[in-house]
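Build out the structure end to end from the sequences listed, making use of the hints.
Those sequence lines, one after another, are chains H and X. Our numbering puts the first sequence at residues 1 to 349. Our numbering puts the second sequence at residues 1001 to 1395.
Just so you know, nobody snuck in bad clues.
With a cut-off of at most 25 Å between alpha-carbon atoms, the simulated SDA-like pairs for lysine to any residue come out as follows:
no.: 1; chain 1: H; residue 1: 328; chain 2: H; residue 2: 278
no.: 2; chain 1: H; residue 1: 267; chain 2: X; residue 2: 1148
no.: 3; chain 1: X; residue 1: 1180; chain 2: H; residue 2: 1
no.: 4; chain 1: X; residue 1: 1053; chain 2: X; residue 2: 1067
no.: 5; chain 1: X; residue 1: 1239; chain 2: X; residue 2: 1090
no.: 6; chain 1: H; residue 1: 219; chain 2: X; residue 2: 1178
no.: 7; chain 1: H; residue 1: 212; chain 2: X; residue 2: 1172
no.: 8; chain 1: H; residue 1: 328; chain 2: H; residue 2: 275
no.: 9; chain 1: X; residue 1: 1053; chain 2: X; residue 2: 1082
no.: 10; chain 1: H; residue 1: 172; chain 2: X; residue 2: 1127
no.: 11; chain 1: H; residue 1: 172; chain 2: X; residue 2: 1122
no.: 12; chain 1: X; residue 1: 1068; chain 2: H; residue 2: 175
no.: 13; chain 1: H; residue 1: 89; chain 2: X; residue 2: 1122
no.: 14; chain 1: X; residue 1: 1068; chain 2: H; residue 2: 230
no.: 15; chain 1: H; residue 1: 172; chain 2: X; residue 2: 1128
no.: 16; chain 1: H; residue 1: 92; chain 2: X; residue 2: 1046
no.: 17; chain 1: X; residue 1: 1150; chain 2: X; residue 2: 1087
no.: 18; chain 1: X; residue 1: 1126; chain 2: H; residue 2: 168
no.: 19; chain 1: H; residue 1: 328; chain 2: H; residue 2: 248
no.: 20; chain 1: H; residue 1: 89; chain 2: X; residue 2: 1257
no.: 21; chain 1: H; residue 1: 328; chain 2: H; residue 2: 14
The set of hints was computed from the structure by calculation and includes no laboratory data. As the structure is a prediction and not an experimental result, all values here were calculated from the model.
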Amino acid sequence: MMFYINQTSCISPQEFILFDDNHILRKATGGKLFALEPNYKNIPSAQLRRMGKAVRFGVGAALPLLQQGNDVNGIIIGTANGGMEDCMKFLKQIIEFDEDSLTPGNFVQGVPNAVASQLGLLSHNLGYNITNVHRGLAFENSIIDALMLLNEHPLNTYLLGAVDEISDFNYKIELLNGNYKQQSNEGTDFYESGSQGSLAGEGASMFFVSNKKDAAIAKLEFVETIHSSDEEEILNWVEGRLGSHLIEMDKIDLLLTGENGDNRVLKYYTAIESIFNNKISIARYKHLCGEYATASAYAVWLICELFKNSKVPLHIMKVGTPPQKIEKVLLYTNYLGEQHSLMLFSKVK
Amino acid sequence: MTAIVVTGLGIISSIGNSAEENRESLIKSRAGISKNNNFYSRYSTLLPFGEIKKSTAQLMEELNANEKGVTRTSLLALHSIQEAIEDSKLTLNQISSSDTALIGASTVGGMCLTDQLFIDATTASKGSEYLSSYDCASVMLYLQNRYKMKGIVNTINTACSSSSNAIMCGARLIKSGLVKRAIVGGSDSLSKFSINGFNALHILSSDICRPFDANRSGLNLGEGAAFLILEKEEDCKGKKVYAKLSGYANTNDSFHPSSLSEDGQGPFLAMTQAIESASLDASSISFINAHGTATENNDEVESVAMRRIFEKVPAFASTKSYTGHTLGAAGAIESIFSVFNIINQEVYSSLNYTSPIEKTGLVPNLNYRKTSVQHVMSNSFGFGGNCSSLIFSKH
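What follows is the structure, encoded as structure tokens:
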């Protein structure tokens, strides 16, 4: 099973000018890489006021695609937490008002399926509508769902995307859990920090996917996922998957990884890089979007940008120089060293 | 075309700790609605709940589940998945094999620890053992770890239709050839968080819920978990098969974040498309396990949608009058009740009903009886307009 990515849209911490090597990238403040929000002129202001950040991101990223007059047959969203900020505001109401006389707005906006359902509502879409919330594989499971849908209904087009937000509350919980750095290195050198935890990130990435090759940007060749924390098993798994999909390693122009500066999970990235024995260029992207459970969706958006621009910016390179030709990209990422995914994309010519 | 069959069932709800106990309660019209004793909420004694009378500590002990950070939602899930696996006679190797998927649903996840979450998220605490347990995914990740599963694992949250979508996803994974079998279901426990959310929306009844009654006054929240084992028919030669999952559909009502449209277009499309996907005529549906939450909005809209589809609306009941509304577990629990209808050729009574909704005049099934049951439709409609219908058929 495969599909084509026909259109993309993204709200992330970066401006879209990633390809000018003189462009200054936005950096984290206080360990958090906040998304750069647009003015959302597509969203009716009365609705915008009620939306929490995750819903705003998701709707703000998807509506420009949906409003180009393109109908989709369904909406598939991956999000680990949905509107965490709203959820926690409601929790605060419960505690502070001792469960009495609460207003339901935050509760309704904070449910994880609020993004997909708001999109269904605003685009008058009565079709398939789903929200996958499987933490670090919420987006990958959404891709698998889209693949199956396009296999079942070959003529359809689906909106596929992912969104997660930084809220004060989930930041605190992740920080306590060691997943964000206590002493934040605000620049790209967080990769070299050697300490535990990463940089908090957020964003929304949205895609139109179909079996239509015309004017498509990229083709998803395969997606595979596994749950494990054994690096040997992960290494064997990646090799095995590449073998079973008959991937010739020398045809891959770039390995893009989710390396995130967390010394607890570096071993998985090192293991995967070792498969290629320094023979291909290796790049990483978390300095652009930060770490969050659905950050792999940002990587897919980035890969589409590489294909569109036929260029790899220097700032994402880890090993080797930017490849001259950028037509096949292998993406490996893991979330907290437990949920791993492997995807292969090729440029549509 | 590959037929998907059900080969294992596991369930825990306020009407029983096993499939057998649940069926016994359904036959005897015995509801599990009571006061809430397991944790304190302002509403514990003011509102009725479908509470499971096992404490969290008791579940931990019974299940030998002493892992750090394990929550009630995960324990209920483990309780029912163990039963389903045992029932289907799947081996541990089959369960951990990469061609077995685990697709589950939860809307509460570790938020059942509402007060603990508030402490961890807002105070200067050093963090409790539950830091990795609050999200919805924590439940399936717990099961995945416990059974060392290597296949596709997913968690779905489409509010009250979550586990119907998990069942649908599992069936589609098998049909697509990505896996050979799927363990599908859902789990949710009662929480201060969801009680207050639904209460703020003014849809909790202070009385026992009365699905499809003209004077219904809202829903009762419940808790529970249920899992089904789905396999390909051709892989089950010589094996006990309960029923076929013959149709399913997922649609969106596209009307309002927390209520359904007057003409019930989302429910209408979900039911119609599910019937189409099973290659059936509406007239061949024997019984409907309705969503029937007993809210003002749902029961009227669901009735309108049923009237639009069926020339003669088949016998239907809402088993939420027994279990309360178990949210992310409801679709799976009610799917098991639908499978019971088929295995035992019997239908259950909808409780607490006295007079019909004026607009539609529909009367639910009011007695337990043996009858011929070929195809049962199970409806689940959630917040955000997420509507799903499943059809189970006699094998």
